[in-house]
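Chemist: Next come the chains, spelled out residue by residue.
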Amino acid sequence: MNLALMDMRRHYGKFAGATVGVGLLLAIVLIMNGIYRGNVADGVWLIDNTGSDLWIVEKGRGGPFNEQSRMPQDSYRSVAAVPGVARAAPFISYTVQRQVGDRERQFTIIGYDIFDGLGGPRGLVAGRPIERAHYQAVADTKLGLKPGQKLTLGLHQYTIVGLIKGGVDAAGNPLLYLALPDAQEVLYDLDNEALLRSRANTLARLQAAGLGSEQARRLLPLFEGTSRTINAVLVHLTPGSDTEAVAEHIRQWLHYNVYTTAQERTLLIEGKLKKMGTVLKLFRALLIVVAVVIISLLIYVLTIEKLRSIATLKLMGAANRVIVSLILQQSMVVTLGAFALAYTFAQLAQPHFPRTLVMLPQETFITFLVILAGGVLASTLGIVQALRTPARMALGG
Amino acid sequence: MDQEVLRVEGLRKVFGSGAQAIEALKGIDLSVRSGELAALLGPSGSGKSTLLLSIALIELPSSGRVVIEGKEVFKDGRVHTDVRRLRRERIGFIFQQHNLIPFANARDNIALALTLNGAATAAARRRADELLEYLEIAHRARALPAEMSGGEQQRIAIGRALANSPPIIFADEPTASLDTERGHRVMELLRRIARERRSAVITVTHDQRMIEGFDTVCHLVDGRLQSA
Chain A
1 MNLALMDMRR HYGKFAGATV GVGLLLAIVL IMNGIYRGNV ADGVWLIDNT
51 GSDLWIVEKG RGGPFNEQSR MPQDSYRSVA AVPGVARAAP FISYTVQRQV
101 GDRERQFTII GYDIFDGLGG PRGLVAGRPI ERAHYQAVAD TKLGLKPGQK
151 LTLGLHQYTI VGLIKGGVDA AGNPLLYLAL PDAQEVLYDL DNEALLRSRA
201 NTLARLQAAG LGSEQARRLL PLFEGTSRTI NAVLVHLTPG SDTEAVAEHI
251 RQWLHYNVYT TAQERTLLIE GKLKKMGTVL KLFRALLIVV AVVIISLLIY
301 VLTIEKLRSI ATLKLMGAAN RVIVSLILQQ SMVVTLGAFA LAYTFAQLAQ
351 PHFPRTLVML PQETFITFLV ILAGGVLAST LGIVQALRTP ARMALGG
Chain B
1001 MDQEVLRVEG LRKVFGSGAQ AIEALKGIDL SVRSGELAAL LGPSGSGKST
1051 LLLSIALIEL PSSGRVVIEG KEVFKDGRVH TDVRRLRRER IGFIFQQHNL
1101 IPFANARDNI ALALTLNGAA TAAARRRADE LLEYLEIAHR ARALPAEMSG
1151 GEQQRIAIGR ALANSPPIIF ADEPTASLDT ERGHRVMELL RRIARERRSA
1201 VITVTHDQRM IEGFDTVCHL VDGRLQSA
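Line by line, the protein sequences are chains A and B. Here the first sequence is numbered in the working numbering, starting from 1 and rising by one per residue. Here the second sequence is numbered in the working numbering, starting from 1001 and rising by one per residue.
Hints were generated in silico from the structure; no laboratory data involved. Heads up, some of the hints might be wrong.
Partial pick of chain B residues on the chain A-facing surface, computed with a CB cut under 7 Å [to be verified]:
1) L1053
2) H1080
3) T1081
4) R1084
5) R1087
6) R1088
7) F1093
8) I1101
9) L1116
10) D1172
Quick list of simulated restraints, FRET-style, between CB atoms [to be verified]:
11) G1118(B) / T344(A): 35 to 43 Å
12) G1150(B) / L360(A): 58 to 66 Å
13) G1118(B) / I366(A): 35 to 43 Å
14) V20(A) / D1222(B): 56 to 64 Å
15) V1221(B) / A319(A): 32 to 40 Å
16) Y12(A) / E1072(B): 24 to 32 Å
17) T1121(B) / I366(A): 31 to 39 Å
18) R1078(B) / I304(A): 30 to 38 Å
All figures in this text were calculated on a predicted structure; none of them were measured in a lab. No residue lacks a Cβ here, since even glycine has one placed at the ideal position from N, Cα and C.
Can you build the whole structure from these sequences, using the hints too?
Modeler: And the structure:
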């Protein structure tokens, strides 16, 4: 005869309500687990799918993803000459927010050397790679574009020639691959109005410095910024070469920062993703505490309501384990029911969630164990109260 | 000859200590035989419930001796038995407020006493059905306490007290929450139980009208027992 279930049947509404409430809280915990792991997966996707052995960035910079790094475009040629380097290619990456179809979308443009191919899109799910130096693009499916569709960026239209799937930056923005000169143009070139304003401004400053109108006009091209910069140089090493030795050579002789793929991953996870990870961990901990407090209060209140029954059971000679089991079972039913609900909810939400959710089975299991321990802890208050209840409480007079 | 099932000798209960000490029981001697129907009468505050609690070792006596079925269970401040087991197996309780488990139906309230004593659920429910028949309330087997009248609830409480066929049944003001007619019916039932099942029934009451036909009537006045 299960007293716990009998009581739960009688207080069905309270238990169902609490289970659903706690279940939704735990669903948020599981989704937060998924968001963090999804962020890590998104964050390293580009690093893992670029196929570079070394990432070379501006000296003193943690780029190209954690902070901006600007290098002369030609720098890849000097890297290519380093012993042990098989291929070196320029790379550019930046996030933009532009009109795609009928709405504003944020996405990251990757510019790469289409003739070398290093840093370009891999594993196309539709179409083909970029084959011409200009006005072609490969997009991630998340952007909702189809091969053959046109996309306007700046002054030009780009034709989507291929699609990749799952290509995102560390913030989960879909990727758009362009040939390097196109990417540079989209990033650096000003629109006509801005260009005219910039030129007028420069002319005015030159004339204010004492130059005549004609002299200032002749000098004007020298004062216009160049778009011939890149963010990083990607390197493929020759087979058998010592990665650390090549990296050290580049650091010493070319004065750049050099990261291996593993270091670049660590840099991203420990840098850009660390704060988000810490915040998510804090929220997860808080939500678990809130869930445990809710279960504790529910079990405590229901125990208080049952004190006379518990005293009666003691008077009838019920062993302490019967009373402990009554309270513990109810706590476990709420905890396990809530977790089952949370798991189902998180699984159903996963495909429709706006960010990548990666739910690792071992992490879900650890969360389950933590919540199970929380459920046991939650019943402690009620159990202590029940055990302290004297049998004489059942008697009047 | 019915054997003695309960002997109480020089039972004292003192609450508090020093100048604040209150002696609620002042050396009670009592003997009850199986099948005997005994009433403890007394005004409110006379120590009736304290005596019941002390004999059942719910409230530990300060001194004296309690013997149940020839076994000394308490002597001079020391308990010589497993109290919970004693209550499960040898004592049945009937309370003023019935104290049924509100989330269990009538049948399970009775069966519960048996399962606490180690009986399997199915066997306990069969025995509960027999008792419900005996108490003429089988038609309410599936009703929750909240769906029953006070008289029906008290019958279920009596069934629960009888479930393990204990040699002693303590009833603490069993008619206090019932009207006179229902109160008389409950008392008649207790008389029948003592007669037919040979349990010693010790009833605490303050209502003299309810003790008609009792074998023994003891008056408790200021913590002392006076036989009628």
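Chemist: Hints first: check each against the structure and report whether it holds.
Modeler: Comparing the hints with the structure gives:
1. L1053: This hint holds: L1053(B) lies near chain A, its Cβ roughly 6 Å from the closest one there, short of 7 Å.
2. H1080: violated (17 Å)
3. T1081: This interface hint is violated because 12 Å lies over the 7 Å limit.
4. R1084: The hint holds - R1084(B) has a Cβ within 7 Å of chain A, the shortest such distance being about 4 Å.
5. R1087: holds (4 Å)
6. R1088: holds (3 Å)
7. F1093: holds (6 Å)
8. I1101: holds (5 Å)
9. L1116: holds (5 Å)
10. D1172: holds (6 Å)
11. G1118(B) / T344(A): 35 to 43 Å: Given about 39 Å between the Cβ atoms, the range holds.
12. G1150(B) / L360(A): 58 to 66 Å: With Cβ atoms ~59 Å apart, the hint holds.
13. G1118(B) / I366(A): 35 to 43 Å: holds (40 Å)
14. V20(A) / D1222(B): 56 to 64 Å: holds (58 Å)
15. V1221(B) / A319(A): 32 to 40 Å: Holds, at about 38 Å.
16. Y12(A) / E1072(B): 24 to 32 Å: violated (48 Å)
17. T1121(B) / I366(A): 31 to 39 Å: holds (37 Å)
18. R1078(B) / I304(A): 30 to 38 Å: With a Cβ separation near 34 Å, R1078(B) and I304(A) satisfy 30 to 38 Å, so the hint holds.
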